[in-house]
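Visitor: Position chains B, C and D relative to chain A; hints supplied.
Residue numbers (UniProt numbering), protein chains in the order written: chain A, 1 to 478; chain B, 1 to 478; chain C, 1 to 478; chain D, 1 to 478.
Derived by calculation from the structure, the hints in this document are not laboratory data.
Just to be clear, a hint being listed does not mean it is correct.
[To be verified] Derived coverage of chain C by chain B (criterion: at least 3 residues anywhere in the stretch with Cβ under 8 Å from a Cβ of chain B; other residues may be distant):
{"no.": "1", "segment": "105-116"}
{"no.": "2", "segment": "241-251"}
{"no.": "3", "segment": "400-408"}
[Claimed, not checked] Here are the simulated DSS-like pairs of lysine-lysine, each with C-alpha atoms no more than 27 Å apart in a straight line:
{"no.": "4", "chain 1": "A", "residue 1": "K435", "chain 2": "D", "residue 2": "K323"}
{"no.": "5", "chain 1": "A", "residue 1": "K189", "chain 2": "A", "residue 2": "K85"}
{"no.": "6", "chain 1": "D", "residue 1": "K157", "chain 2": "D", "residue 2": "K84"}
{"no.": "7", "chain 1": "B", "residue 1": "K86", "chain 2": "A", "residue 2": "K452"}
{"no.": "8", "chain 1": "C", "residue 1": "K435", "chain 2": "D", "residue 2": "K341"}
{"no.": "9", "chain 1": "A", "residue 1": "K323", "chain 2": "D", "residue 2": "K381"}
{"no.": "10", "chain 1": "C", "residue 1": "K457", "chain 2": "D", "residue 2": "K84"}
{"no.": "11", "chain 1": "D", "residue 1": "K103", "chain 2": "D", "residue 2": "K86"}
{"no.": "12", "chain 1": "A", "residue 1": "K227", "chain 2": "A", "residue 2": "K189"}
Every residue, glycine too, gets a C-beta built ideally from N, C-alpha and C.
Number of protein chains: 4
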Amino acid sequence: MSVPYLINSDQGHIPASQRIPTIAKPFVSERAKKTLDLVERFVEEECVPADAVFAQQIKEAGEAHEHNVAGRFESHPQVIEDLKKKAQELGLWNMFLPANHFKEGAGFSNLEYGLMAEYLGKSGVASEACNCAAPDTGNMEVFAKYGTQEQKDKWLKPLLKGEIRSAFLMTEPQVASSDATNIEMSMVKEGNEWVLNGQKWWSSGAGDKRCKIYIVMAKSDPNNSSKYKQQSVILVPADTPGVRIHRMLSVMGFDDAPHGHGHIYFDNVRVPESNMILGAGRGFEVVQGRLGPGRIHHAMRSIGAAEKAMEWFLARINDPAKKPFGETLSKHGIILERVAKSRIEIDSARLAVLNAAAKIDEGDAKAALKEIAEVKVEVPKMLMEVLDRAMQAYGGAGVSQDTPLAKMWSSGRTMRIVDGPDEVHMLQIGRNENKRGDNLRKKINAQQEKSKELYRKYGLKYEDPLQLNRISGGKSKL
Amino acid sequence: MSVPYLINSDQGHIPASQRIPTIAKPFVSERAKKTLDLVERFVEEECVPADAVFAQQIKEAGEAHEHNVAGRFESHPQVIEDLKKKAQELGLWNMFLPANHFKEGAGFSNLEYGLMAEYLGKSGVASEACNCAAPDTGNMEVFAKYGTQEQKDKWLKPLLKGEIRSAFLMTEPQVASSDATNIEMSMVKEGNEWVLNGQKWWSSGAGDKRCKIYIVMAKSDPNNSSKYKQQSVILVPADTPGVRIHRMLSVMGFDDAPHGHGHIYFDNVRVPESNMILGAGRGFEVVQGRLGPGRIHHAMRSIGAAEKAMEWFLARINDPAKKPFGETLSKHGIILERVAKSRIEIDSARLAVLNAAAKIDEGDAKAALKEIAEVKVEVPKMLMEVLDRAMQAYGGAGVSQDTPLAKMWSSGRTMRIVDGPDEVHMLQIGRNENKRGDNLRKKINAQQEKSKELYRKYGLKYEDPLQLNRISGGKSKL
Amino acid sequence: MSVPYLINSDQGHIPASQRIPTIAKPFVSERAKKTLDLVERFVEEECVPADAVFAQQIKEAGEAHEHNVAGRFESHPQVIEDLKKKAQELGLWNMFLPANHFKEGAGFSNLEYGLMAEYLGKSGVASEACNCAAPDTGNMEVFAKYGTQEQKDKWLKPLLKGEIRSAFLMTEPQVASSDATNIEMSMVKEGNEWVLNGQKWWSSGAGDKRCKIYIVMAKSDPNNSSKYKQQSVILVPADTPGVRIHRMLSVMGFDDAPHGHGHIYFDNVRVPESNMILGAGRGFEVVQGRLGPGRIHHAMRSIGAAEKAMEWFLARINDPAKKPFGETLSKHGIILERVAKSRIEIDSARLAVLNAAAKIDEGDAKAALKEIAEVKVEVPKMLMEVLDRAMQAYGGAGVSQDTPLAKMWSSGRTMRIVDGPDEVHMLQIGRNENKRGDNLRKKINAQQEKSKELYRKYGLKYEDPLQLNRISGGKSKL
Amino acid sequence: MSVPYLINSDQGHIPASQRIPTIAKPFVSERAKKTLDLVERFVEEECVPADAVFAQQIKEAGEAHEHNVAGRFESHPQVIEDLKKKAQELGLWNMFLPANHFKEGAGFSNLEYGLMAEYLGKSGVASEACNCAAPDTGNMEVFAKYGTQEQKDKWLKPLLKGEIRSAFLMTEPQVASSDATNIEMSMVKEGNEWVLNGQKWWSSGAGDKRCKIYIVMAKSDPNNSSKYKQQSVILVPADTPGVRIHRMLSVMGFDDAPHGHGHIYFDNVRVPESNMILGAGRGFEVVQGRLGPGRIHHAMRSIGAAEKAMEWFLARINDPAKKPFGETLSKHGIILERVAKSRIEIDSARLAVLNAAAKIDEGDAKAALKEIAEVKVEVPKMLMEVLDRAMQAYGGAGVSQDTPLAKMWSSGRTMRIVDGPDEVHMLQIGRNENKRGDNLRKKINAQQEKSKELYRKYGLKYEDPLQLNRISGGKSKL
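With the rest of the complex left out, here is chain A:
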């Protein structure tokens, strides 16, 4: 990669490290800046061109196979392994593991990784190429944080090397999983084994034949008086007898092969006691811990996805071959207005993501709950709008396989659902904010009392005590 030809051909291109928002600069080390520029080049020059190749390899694998769908999932495109090798040579590996909590990663802060993840978000294969792909990232954190040495040796090591992949099995089809206390998969102790029965779906990544280990949440103590202590998280190797992938789910018509989203049945699945993570009844603890930094990786990548949508948008509206009514679209005011709205929304959302990352770096994910929830809601909404504008500019091409927009829209739409639907996060933000209510009413009352004093001091008519009473909730005395 000594001679970058792609970005060089983009005359006047300013490297990513020089486009860091001013306010984020103090948080970025020189080493991170260099890595950031490498990431940008790797993504633009190697990964984005590989996206189409990856898709074609999957497609041809499917066509070559007797059962097309199965073929799509059983293949593993060579291009991804070649990219992984290249990424490791460049030192672009495991950047996601935050320096202040883990020694296994590349030693960056969440904010630094956030800047890099933006670029990973511009390509479908880049995250995996750098071993920074969900759900492995969150799963590796679980192992690093809560795993026994044995568990680490067996699963974390090959995950960190990119040799295997993993899935996190939580959601279930028959209940409202947005409230995780509803999950029903049973988990019963028999001897020194746990026996699991039930079903899981939206088990993302389970379609990949390299996916070797499932981290599974199930109900181990259904009668516990605390509904947050009824669950455990346990390791289930994908090849354990009784585990059966019932079917793969599609997202707006895309099967996302070979990664995919599994609907999996568990029929008397037995695993040894030693597969338990952290301890029986501590499932919620594990899940909360997992959702730390992990929860904003999607947001970080979504900023990049929005930037990519913007690039395709701008490319189209300046296409000299496309002149409705005699002018390229860029000459139409409503198009420029949409460009401007998109620019404003992306830039604002990026700052929110970086601030959330900085807050996690400052303390931990718990301290940044509000910031993470805000970003969880704001970013996908922004992404959907930017994508919709770009799609509309392309007309038919925008919804078809000819641009990356439709696929990005499909993934982006799920961001409003995964890790809890928007509504749950909104409710949390709303309730948290609402706690200020009583103190604020007191403050406003005190300010109004002070006003009354000043009325007297300046000899003004004081007309009506109503306002104060109304705010404080008292009744007017006539």
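Guide: Frame of chain A; chains B, C and D shown alone:
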């Protein structure tokens, strides 16, 4: 102010300096943090209670005067002078003048002032109390930046001391002033005097009898081949013969007395040559310079206005006396959703404002054109939405004189118009972003060429060159 | 009015009767069409020009009076009486009283009146000029529907003649009146009198010195086990001892004089038993009855208000004197897009209003609850958006006294609050719609069972019973 | 179909004919009402259950075929033929051809068909089952309106019988086809043949092996001075040598097999002169004629699609097995608000569609240009929002194959693009509306002149001529 009673009564209040967004912290000095906390206390304990008093003093002055309207404008509430004295004692004076450009101010950066201005935005009188009120702030920058020593002595000094006020006269009723090249007021040299004829409106602050000096843009060279060199900016003392305030304009029914918005006639108004700012034909230069930091002061204060709307919103929805259908509004999910949306939008907008300020501090306002324009559009839109939600929660009280919301809405709405309507800024952002179009098309094409190579390398069928051609604008060859 | 000069000057003007939406035509009689055209001409030629005159007469009355505010409310502009005379001569009087329920009116259906009310909504004085102004319209319906002969003789007759005006006192400041069961004004029987104590606000119309009668809701039986039987509605002449207008409320800075919105204290106010409407404890019945057709009059007028905003919008964007960046605003694509959006929204909302009116005409207001609620929510939202676009096109003029837009915005905003805030109507619509839920789940299940049969019939693999179970709520059996 | 079991199981179901909006009732004959109820039952009881079967038949056909994709397109599900037979027996056939223009159809008005089409829109197979599917409907209108007797015999007859299908080839990938003057496919006369070269895409329906005839727009006279006379429309049988389906396009990941959207190459495709429609150079005329009623069929069906989304939405939020945080979703206020918004938007959009249909029935499609354009923009926007709310309520299921929502979203999204993107229609509406601008300015000026007279008459101060001048564009004279 040794014993803060208001905020203390707000149990558990965390001082402003401890609520600075994580990502902004490296930019804030210890001195600024102390001042910030002082500003917060001064605003909450002194200024907010004075707002109602100020309104009542104006009202009674109007009623006491034969011509009510005139009376409202001729009065000057004593409370404002008392606050100014207090502010000076506390060292809260002229914080707006950025340290890196001016020695006359309090020595803060734009970002630091931005944090303070948020609090000023929570009260109608606070900005003036700290001598940080528009349009004086921008006008003082003009004097400090471009004024002759004589001009500085005569006008800047009393402005810095808060002894007089000023107005900036640019907009004209009979043309589309959103494009400043349209302004028509004529300015003709006769001997060593300039003679001005025409009219101006939305001359904010001109209603105040303490407003002594107008900075006026007029057309001095209508035939200049460059339409950006036809204008000059010149000083016109308010009491110059020929100047006549024709009428005061209202904003959504509010007259904003005594400050007000003047519609002013100029009838053979003569001023000496020495009143010229910077030089004849350099009007645009002055105006651009003025719009530097000044342009985001409104945005900074608007963040505070939004926070204040939020406070009233939260106070209401927790009012135990207000239970539609048996529950306080805070128990209704749609209300909490609105709280959450508001919180997300405010926090995101604040980061955008602070980043724009940081960018100005890093270089100058010119380097931050994009960031300023973004904030100019995003913030008032956010403010309107937050205010609307709060107003709706109050029902009738929300649109009446009983809450500050209606008045804040009225001012906020003008923010989408002043300093150029949103549309002008959107167009600028859109055009600027659009410049990337051609390079992006080239980049995407190069990436697609690289894909083609990879197809060959991996032995894949290469189905269709269409996509490349379409993006590049070429025609398909069959 | 033999020679219409205004509309004639609008070359090519197509009279209102010829612009009735196709789908509404079968509902409009020839007589109504003729009246509609007369209304249009009367409004455009007489009323709209009188609006500015009315405002000026109030203003000068205020300035001539020692206490300006009082003066504004005590005056009664002569222009309104002159218009009333003219309207009566033209036969444009009391068109609002629906033919199928009342003999006292002009004999039109609600749909026919709806078309006329659209034009009344284009002028501030037109409704009163035709004796079709709120709250008199609703109050006259109350008298006509529930009044005793004595009550009718005393109050309905002069109201129908336009000799006096009236107010409806329901909302109270200290409670959440959006839920009317919360109202607290007490009403105690002493001998053959009722004694009222408490306060009311947003008593619209109470500012007018011609307002002679209040229809008041109060709590006569606070301990009744049904919270819908605790209230009564009773007549209180405005000059009854103990009644005191405490103050007038403003709406976004407008006092709406002389009509106004009163905050009124009741201190031992005594009225005879015979003033009771319908009977003690039947207050809710009266209120529901009042909200029949009355509730959509606002919506009908709002369509006209939106059309007027559109007219001013179109006038401005084609003003040859206003060319930002060298072109009238109508040449800018984003402006035309806003015109188009407005046109679509207005036309769609009008159909919803007319359909609701047709549904009331078909049966009664109760049968049209859903349609009325829909219109109650949709129309003000539409009006606000159309107004906002027009305001923005005008820049400063749009928020000032120089266009009718700011005042219209102010009134329009209250439409989202009066007669119950949007949220209450949304909840009602939502709950009503939601009743279908269980039947729909059954239907979908039955459809899925039928699918299963068909799978068998056509020899297809039936993959998974999950979907059915999920929808029906059953649990998956493995 | 003697015993309807599905809808009967929906206790209290009110037949479609009794739920016609009041305002549309006068336009619906008794015969149409009976047919409407039959359509409802046929769709709910036969077609909706067949949708899943149709999908499965396609899927299995694909899996059974060596080349999966080809298999999906070459199959023709038996279920559709069985439904067609049933529909014909019930007399539900060709309802789309409007009675006032064509004798070949079922004799209904556009409004009557509009009510029926709503129900067809609730199932993926219903339109084809009743021979009312696009693009055949529009194509049949072309034949009926412009075809020679020979063309009618050869193509219209089998189309009316549902024996073959057809496609309309207009859009081209390499140009901005939203402006149809840009199309480039060449068409050269050689002897008594026309020779076509070029490519088309989004040729919907071309994937179906039963699609026998293409109606093709091409450039026959590229040098004609009128750019609206350069095009012709000509018939090209699908099996003509030189025609090649290059590939099928996907929509958000769906291939829409077997119907599909073709990208087709024309390589020296020769057809006889007699295949010309209407005459050389009259292509635009044909296209305009085709877009008459046809353009709102999509809108009609989209109302039904939205109602179906609503049904699934309501089914889910009342699912007793899905209780996030202890309550079914229907107990959450924000969900009910979304239900209410959806109900309001659907009902309003339906009225707009029916009014547009009534206007077409009253005159012709040309007279209803505005109404059709409005509906073209409003309806898909509404549909997208209703679908999005339903999808969100379902969480993962909403974007997967387990509900019909994702597929409906995908089709619905294209409605904002097909038959011209929204923006083109908005521009047309905006420009048309804008023509009123000058007359409106004159009217407002005349009204203001009249105000001035009244000021004099009533002896009021006339303060300022500015307003008049500003509106009229004149300059103020001082």
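Visitor: Taking the numbered hints from earlier one at a time, note which ones the structure violates and give those numbers from smallest to largest.
Guide: 1 and 5
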